[in-house]
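Undergrad: Read off the chains here:
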Amino acid sequence: MSQGILTLNLARDGASMPWGFRLQGGSDLGQPLTIQRVFLGSPSEGELHRGDIIMRIGDRDSNRLTHQEAHDVIVRSGNNLKLVVK
Amino acid sequence: MANPDMYNESFNERYMDQEEEWEREGLLDPAWEKQQRKTFTAWCNSHLRKAGTQIENIEEDFRNGLKLMLLLEVISGETLPRPDRGKMRFHKIANVNKGLEFIERKGVKLVSIGAEEIVDGNVKMTLGLIWTIILRFAIQDISVEEMTAKEGLLLWCQRKTAPYKNVNVQNFHLSWKDGLAFCALIHRHRPDLLDYGKLSKDNPIENLNLAFDIAEKYLNIPRMLDAEDMVNTPKPDERAVMTYVSCYYHAFQGAQQAETAANRICKVLKVNQENERLMEEYERLASDLLEWIRRTTPWLENKTTDNTLNGVLKKLNEFRTYRRSHKPPRVEQKAKLETSFNTLQTKLRLSNRPAYLPSEGKMVSDIANAWKGLETAEKGFEEWLLSEMMRLERLDHLAQKFKHKADIHEDWTKGKEEMLQSQDFRKCKLYELKALKKKHEAFESDLAAHQDRVEQIAAIAQELNALNYHDVANINSRCQRICDQWDRLGTLTQKRRTALEEAERVLEKIDQLHLEFAKRAAPFNNWLDGAREDLVDMFIVHTMDEIQALIDAHEQFKQTLGEADKEHKAIIALSQEVQTIATQYQIPGGIENPYTTITSTTITNKWGEVKQLVPKRDQILQTEMMRQQSNERLRRKFAEKANVVGPWIEHQIDAVLAAGMGMQGTLEDQLNKLKQMEQTVVQYRSHIDELEKFNQEVQEAMIYENRYTQYSMETLRVGWEQLLTSIHRTTNEIENQILTRDSKGITQEQLNDCRSSFNHFDKTRSGRLTPEEFKSCLVSLGFNIRNDRQGEAEFRRIMNIVDPNNTNIVQFEVFLDFMTKESSDTDTAEQIIESFRILAGDKPYIMPDELQRELPQDQADYCIQRMPPYKGPGAVPGALDYMSFSTSLYGESDL
Numbered sequence: 001m002s003q004g005i006l007t008l009n010l011a012r013d014g015a016s017m018p019w020g021f022r023l024q025g026g027s028d029l030g031q032p033l034t035i036q037r038v039f040l041g042s043p044s045e046g047e048l049h050r051g052d053i054i055m056r057i058g059d060r061d062s063n064r065l066t067h068q069e070a071h072d073v074i075v076r077s078g079n080n081l082k083l084v085v086k
Numbered sequence: 087m088a089n090p091d092m093y094n095e096s097f098n099e100r101y102m103d104q105e106e107e108w109e110r111e112g113l114l115d116p117a118w119e120k121q122q123r124k125t126f127t128a129w130c131n132s133h134l135r136k137a138g139t140q141i142e143n144i145e146e147d148f149r150n151g152l153k154l155m156l157l158l159e160v161i162s163g164e165t166l167p168r169p170d171r172g173k174m175r176f177h178k179i180a181n182v183n184k185g186l187e188f189i190e191r192k193g194v195k196l197v198s199i200g201a202e203e204i205v206d207g208n209v210k211m212t213l214g215l216i217w218t219i220i221l222r223f224a225i226q227d228i229s230v231e232e233m234t235a236k237e238g239l240l241l242w243c244q245r246k247t248a249p250y251k252n253v254n255v256q257n258f259h260l261s262w263k264d265g266l267a268f269c270a271l272i273h274r275h276r277p278d279l280l281d282y283g284k285l286s287k288d289n290p291i292e293n294l295n296l297a298f299d300i301a302e303k304y305l306n307i308p309r310m311l312d313a314e315d316m317v318n319t320p321k322p323d324e325r326a327v328m329t330y331v332s333c334y335y336h337a338f339q340g341a342q343q344a345e346t347a348a349n350r351i352c353k354v355l356k357v358n359q360e361n362e363r364l365m366e367e368y369e370r371l372a373s374d375l376l377e378w379i380r381r382t383t384p385w386l387e388n389k390t391t392d393n394t395l396n397g398v399l400k401k402l403n404e405f406r407t408y409r410r411s412h413k414p415p416r417v418e419q420k421a422k423l424e425t426s427f428n429t430l431q432t433k434l435r436l437s438n439r440p441a442y443l444p445s446e447g448k449m450v451s452d453i454a455n456a457w458k459g460l461e462t463a464e465k466g467f468e469e470w471l472l473s474e475m476m477r478l479e480r481l482d483h484l485a486q487k488f489k490h491k492a493d494i495h496e497d498w499t500k501g502k503e504e505m506l507q508s509q510d511f512r513k514c515k516l517y518e519l520k521a522l523k524k525k526h527e528a529f530e531s532d533l534a535a536h537q538d539r540v541e542q543i544a545a546i547a548q549e550l551n552a553l554n555y556h557d558v559a560n561i562n563s564r565c566q567r568i569c570d571q572w573d574r575l576g577t578l579t580q581k582r583r584t585a586l587e588e589a590e591r592v593l594e595k596i597d598q599l600h601l602e603f604a605k606r607a608a609p610f611n612n613w614l615d616g617a618r619e620d621l622v623d624m625f626i627v628h629t630m631d632e633i634q635a636l637i638d639a640h641e642q643f644k645q646t647l648g649e650a651d652k653e654h655k656a657i658i659a660l661s662q663e664v665q666t667i668a669t670q671y672q673i674p675g676g677i678e679n680p681y682t683t684i685t686s687t688t689i690t691n692k693w694g695e696v697k698q699l700v701p702k703r704d705q706i707l708q709t710e711m712m713r714q715q716s717n718e719r720l721r722r723k724f725a726e727k728a729n730v731v732g733p734w735i736e737h738q739i740d741a742v743l744a745a746g747m748g749m750q751g752t753l754e755d756q757l758n759k760l761k762q763m764e765q766t767v768v769q770y771r772s773h774i775d776e777l778e779k780f781n782q783e784v785q786e787a788m789i790y791e792n793r794y795t796q797y798s799m800e801t802l803r804v805g806w807e808q809l810l811t812s813i814h815r816t817t818n819e820i821e822n823q824i825l826t827r828d829s830k831g832i833t834q835e836q837l838n839d840c841r842s843s844f845n846h847f848d849k850t851r852s853g854r855l856t857p858e859e860f861k862s863c864l865v866s867l868g869f870n871i872r873n874d875r876q877g878e879a880e881f882r883r884i885m886n887i888v889d890p891n892n893t894n895i896v897q898f899e900v901f902l903d904f905m906t907k908e909s910s911d912t913d914t915a916e917q918i919i920e921s922f923r924i925l926a927g928d929k930p931y932i933m934p935d936e937l938q939r940e941l942p943q944d945q946a947d948y949c950i951q952r953m954p955p956y957k958g959p960g961a962v963p964g965a966l967d968y969m970s971f972s973t974s975l976y977g978e979s980d981l
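Protein chains in written order, with our numbering: chain Z, 1 to 86; chain F, 87 to 981.
Any given hint could turn out to be false.
Said to hold, decoys possible - Straight line, CA to CA, 20 Å or less: simulated SDA-like cross-link-like pairs of lysine to any residue:
1) Z:LYS86 - F:LYS929
2) F:LYS413 - Z:LEU40
3) F:LYS929 - Z:ASN79
4) F:LYS929 - Z:LEU40
5) F:LYS957 - Z:ASN79
Said to hold, decoys possible - Beta-carbon label-pair distances, calculated as ranges:
6) F:LYS849 - Z:GLU45: 51 to 61 Å
7) Z:ALA15 - F:GLU920: 47 to 57 Å
8) F:GLN938 - Z:ALA15: 26 to 36 Å
Stated by the list, open to error - Cβ-to-Cβ under 10 Å is the rule here; a few derived chain Z residues that face chain F:
9) ASN9
10) ARG22
11) LEU23
12) GLY26
13) ASP28
14) PHE39
15) GLY41
16) SER44
17) HIS49
18) ARG50
19) ASN63
20) HIS67
If you're looking for bench data, these hints aren't it; they were derived computationally from the structure.
Note that the structure is a prediction, hence the values are computed from the model and not measured.
Heads up, the beta-carbon is just placed ideally off N, CA and C, and yes, glycines get one too.
Can you build the whole structure from these sequences, using the hints too?
TA: See below:
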């Protein structure tokens, strides 16, 4: 049960391409921001894994973000997304 | 301070008086002129009488100069030039001038008197000339002790009248008025002529006349004064009185000569007296000097001292004082003596006196000899003092040297006698004694080295004796002390050596004994310690066998006591021998044993203790034996009961667990069974209580082990608690399972599957699984948890669900909850999405009419309102995004 912290740099070709993971939790839901599912063939495949907890999104500490805020930050991040997970 | 004015006044008055007196020469008082005329006439006649002539009228009879010249010849005894025989005026002048020239030749300056005035019969001038003559020839010769003529006459009068108390001649006028002065003069020279005692001051006329009469009658002095004139004139004429008095003087010339002779005699006598005084002084000085020399010489010849430098220094100081203060006046005295002697001899020679011969032994040569003797003594004394000083300095030096050496020596010897007499070695150990012996040997050589110094001290003392040192008594006593002490030191050194050697021998003997004692005492002491330890050993025995073994061991130990007693006596004997020898030779230092700290007292005490402990031990062992027997009974009682209760509890627990496994019958059946079991268990409580009572007895008897049963009260209590707990827990579990089954809609079979899997991995029957057990359990239930990162993540996800608090424990209820969630396929976003996908005919979006067609109205409207439009590939107008909607229902979003 590795608890290591990883920094991931995801990239995609355009805004129409989804990042390919399902986000669960948020400070408003009483759960950490967690990767709930990773879709095959997406930019996230092999990078993110189910159960990864998102610590930072871009340069922001994501501990206190609500689900919607985290969602919006990721949507606004363009074609390059930096995530710190554990 | 006197008033200057008054002083001046009186002074002036006197001065004026005198002035008046001299003025009179020019301004002649008529009364005086009368007196002078009478007196001078009488005086002239008294002389002219010798030439057979006289004068009647003084201013007339001298006018031709002839009688003047005659008068001068008479009174001077010389011959004047022949007078001019003519009667002419110029003849008269010539003759008067001849007289005047004679007077001038006699040294009298006739300033204002001219021949012509005399020739002309000038009274004043004539009287003046006569006065000049009287003064020059009758008075000038009167010279008593170099006074002026007038003063000489006055002094003569004063001297002659001195014995007469009522006469005080101060002048030649008023002093004579009462006539007593004249009478006194007469009486003084011719006491036969009048009876002075009958005269009175109150009868001046009588007195005067008496004197004048007697003078005229017996002394051939004519009446030159008139008694009445004298009395009646306020102030008699001085010149007249002087003239008359001068006649008295001349009349008494013979007496005068006698007086002169007397004076001469006086002078001679005075010389003689002076000479005698000088002689006496010489004698006195000579005696004094000789006496001093006589006194001093022995002191200078006294060459004895108190033999101290200080004494000599004191003498030297005295000598210096003598040289500085006492001798110089004597040198002066001697010089004065010699001078006086010479002066005296000269005076004697000059006054034609015989030379002075000092009395016997006081000759100048005698004094010179004595003085020479003094100086010789003095020189010898000084030399002696200096040499004595050198000698005493040398002695002092020697004495200092003696003192210094003696000090060093005494300092060295200080404490040595005590040290030598010290019995310190008696308290020594052998090695210390050997050190002391070495130390003593060192001291002996030190002592030998000091022999030289003692000899030096004795030699110095001897020299001081030879040189007669003043404090030789102290030196000798000190030297004697040092020598005596030296002898004592030698003796003491020898004694100490002998004593040390003896002590060494004894100590070596004692040392052997100590060594023997130590060799035997140590193991014996160890044995005693061991024995004492064993005898009081706090044994804890739990069985009869153990106590029996202890009793056997003790019996065996008792067998060895006889041998030990022998050893004890041998050891004590060694120690006592040491005591005896140490006491005999008075060497307490040997008593302590250097080889061991064990003392015979310790040994004896311990031995005594051992002997006391043996019977005590016997008793303790017996008591313990009895206690063990009693314990054995308690054990059996507890064990019998425990052996019944224990298995019963175990059986009951097994039954409960079996019921909990849920393998037989329905959950409700199991529940009933458990309720019955609980009833049974509650009724069994009294056995446990009884067992607790036995246990209390066991505990009070301090019994910890019971080989008659495997059960302890603790394990039984735990078992009992466990039984009760498992009944309750199992009951609760089953009740929960009934609730779960009813709410989750899982079948009894599924529940049994989960239960059997869980039980399979719950090897400890604790109703809990560790994460590893849980993982195995999941795998056995068909979860695909691979041994890679993906699998790891999946397992972590599940752990987060079943163990959100990270306790590393998974409980059956939570596990069951998880399993129903995972397997009931109802409520996850994915399940919803899949359901929508089925409704949407596999499209990634759904149309409102499809929703309205498939779902009840409420649910369809709800979905249509909430679903965002679908923007993905292949979108058609009105298409709704059921995926976002589904995830958002569960707080999820796809990105």
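Undergrad: Work down the list of hints and note, for each, if the structure agrees.
TA: Against the structure, the hints come out as follows:
For the proposed pair LYS86 (chain Z) and LYS929 (chain F), the alpha carbon gap of about 35 Å is over 20 Å, so the pair is violated. Between LYS413 (chain F) and LEU40 (chain Z) the alpha-carbon distance is near 154 Å, which puts this suggested pair outside the 20 Å criterion. The suggested pairing of LYS929 (chain F) with ASN79 (chain Z) is violated, with an alpha-carbon distance near 27 Å, which exceeds 20 Å. Restraint check: the Cα-Cα separation between LYS929 (chain F) and LEU40 (chain Z) comes to about 18 Å, which is no more than 20 Å; the hinted pair holds.
Taking the CA atoms of LYS957 (chain F) and ASN79 (chain Z), the gap is near 18 Å; set against the 20 Å cutoff, the hint holds. The supplied range of 51 to 61 Å is broken by LYS849 (chain F) and GLU45 (chain Z), whose beta-carbon atoms lie about 39 Å from each other. ALA15 (chain Z) and GLU920 (chain F) have their C-beta atoms about 27 Å apart, which leaves the hinted 47 to 57 Å range violated. Taking the beta carbon of each, GLN938 (chain F) and ALA15 (chain Z) are about 33 Å apart, inside 26 to 36 Å as hinted.
Hint on ASN9 (chain Z) is violated. Least Cβ distance to chain F is approximately 16 Å, over the 10 Å limit. Interface restraint check: ARG22 (chain Z) against chain F, minimum CB-CB distance 5 Å, threshold 10 Å, status holds. With its C-beta approaching chain F no nearer than about 5 Å, LEU23 (chain Z) sits inside the 10 Å limit, and its interface hint holds. A cut of 10 Å between beta carbons decides the hint on GLY26 (chain Z): the least distance to chain F is about 7 Å, and the hint holds.
For ASP28 (chain Z), the interface hint holds, the least distance from its beta-carbon to any beta-carbon of chain F being 8 Å, beneath 10 Å. The interface hint given for PHE39 (chain Z) is met, as the beta carbon of that residue sits about 8 Å from the closest beta carbon of chain F, less than 10 Å. Nearest Cβ of chain F to the Cβ of GLY41 (chain Z): about 14 Å, over the 10 Å cut. The hint is violated. Among the interface hints, the one on SER44 (chain Z) holds; its C-beta lies about 8 Å from the nearest C-beta in chain F, closer than the 10 Å criterion.
For HIS49 (chain Z), the suggested interface contact is upheld, since its CB lies about 4 Å from the closest CB of chain F, less than 10 Å. Interface hint at ARG50 (chain Z): satisfied, since its Cβ lies 6 Å from the closest Cβ of chain F, which is below the 10 Å cut-off. Nearest Cβ of chain F to the Cβ of ASN63 (chain Z): about 16 Å, over the 10 Å cut. The hint is violated. Annotation: interface hint on HIS67 (chain Z) holds; nearest CB of chain F at approximately 6 Å, less than 10 Å.
Violated hints, in rising order: 1, 2, 3, 6, 7, 9, 15, 19; the structure is consistent with all others.
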